[in-house]
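Participant: Just so we're aligned: 65 in numbering that gives the first Met the number 0 is position 66 of the sequence shown, and the numbers increase by one with no gaps anywhere.
If you are wondering where the hints come from, they were derived from the structure by calculation, not from laboratory data.
Computed from a predicted model, the values in this text were never measured in an experiment.
Just so it is clear, CB atoms sit at the ideal spot from N, CA and C, and this is done for glycine as well.
Some clues are possibly wrong.
[Claimed, not checked] Derived Cβ-Cβ restraints for the label pairs, each shown as a range:
{"id": "1", "residue 1": "R72", "residue 2": "D93", "range": "29 to 35 Å"}
{"id": "2", "residue 1": "A50", "residue 2": "R72", "range": "37 to 43 Å"}
{"id": "3", "residue 1": "D30", "residue 2": "G66", "range": "54 to 60 Å"}
{"id": "4", "residue 1": "A50", "residue 2": "Q97", "range": "22 to 28 Å"}
{"id": "5", "residue 1": "S49", "residue 2": "D101", "range": "25 to 31 Å"}
{"id": "6", "residue 1": "Q97", "residue 2": "D68", "range": "29 to 35 Å"}
{"id": "7", "residue 1": "L58", "residue 2": "D101", "range": "27 to 33 Å"}
{"id": "8", "residue 1": "L51", "residue 2": "D93", "range": "16 to 22 Å"}
{"id": "9", "residue 1": "S43", "residue 2": "A73", "range": "25 to 31 Å"}
{"id": "10", "residue 1": "S69", "residue 2": "E27", "range": "47 to 53 Å"}
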Amino acid sequence: MPRHSHVPEPRRHEASGQALKSQTSGLEQLDAELLDELTRRLESIGRSYSALAQQVGALYIKADGSGLDSFTRALDRPMRNASTDQQSFEALLDATQQARQDRDG
0 MPRHSHVPEP RRHEASGQAL KSQTSGLEQL DAELLDELTR RLESIGRSYS
50 ALAQQVGALY IKADGSGLDS FTRALDRPMR NASTDQQSFE ALLDATQQAR
100 QDRDG
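Take these sequences, add in the hints, and give me the full structure.
Facilitator: Structural data, given as structure tokens:
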């Protein structure tokens, strides 16, 4: 088990959820084809981030298990940034999926 275990934060905080809601308002009014395309692309990005997280996690565990403390510390920030970015894309995906449901009734 890595000494510097990374625990992801909850997907959305209340304030950031409200900010996202205002930034994505009107999605349900988009053309169905465009909204579907946005959703597909966000799903693809989500899969890419999941694959990236698995690869970086394996690298982190290997480095940590080998006692490369400075290397694992150097990985901390990119791991946190990737996690934050992934959460942002997941929130956008949630918003597009909700807009599709709202639009379709």
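Participant: Does each hint hold? Answer for all of them.
Facilitator: Okay, the hints, checked on the actual structure:
Checked against the hint of 29 to 35 Å, the C-beta distance between R72 and D93 comes to roughly 32 Å, which is consistent with it. Take A50 and R72: their Cβ atoms lie about 24 Å apart, and the range 37 to 43 Å is violated. Between D30 and G66 the beta carbons are some 55 Å apart, a value that agrees with the proposed interval 54 to 60 Å. The beta-carbon spacing between A50 and Q97, approximately 25 Å, falls within the hinted interval of 22 to 28 Å.
Taking 25 to 31 Å as the suggested C-beta distance range, the pair S49 and D101 conforms, at roughly 27 Å. About 43 Å separates the C-beta atoms of Q97 and D68, a value inconsistent with the hinted range of 29 to 35 Å. For L58 and D101, the Cβ-Cβ distance of about 41 Å falls outside the hinted range of 27 to 33 Å, so the restraint is violated. Take L51 and D93: their Cβ atoms lie about 20 Å apart, and the range 16 to 22 Å holds.
Taken as a hint, the range 25 to 31 Å holds for the pair S43 and A73, whose Cβ atoms sit roughly 29 Å apart. Look at S69 against E27: about 49 Å separates their beta carbons, and that is inside 47 to 53 Å.
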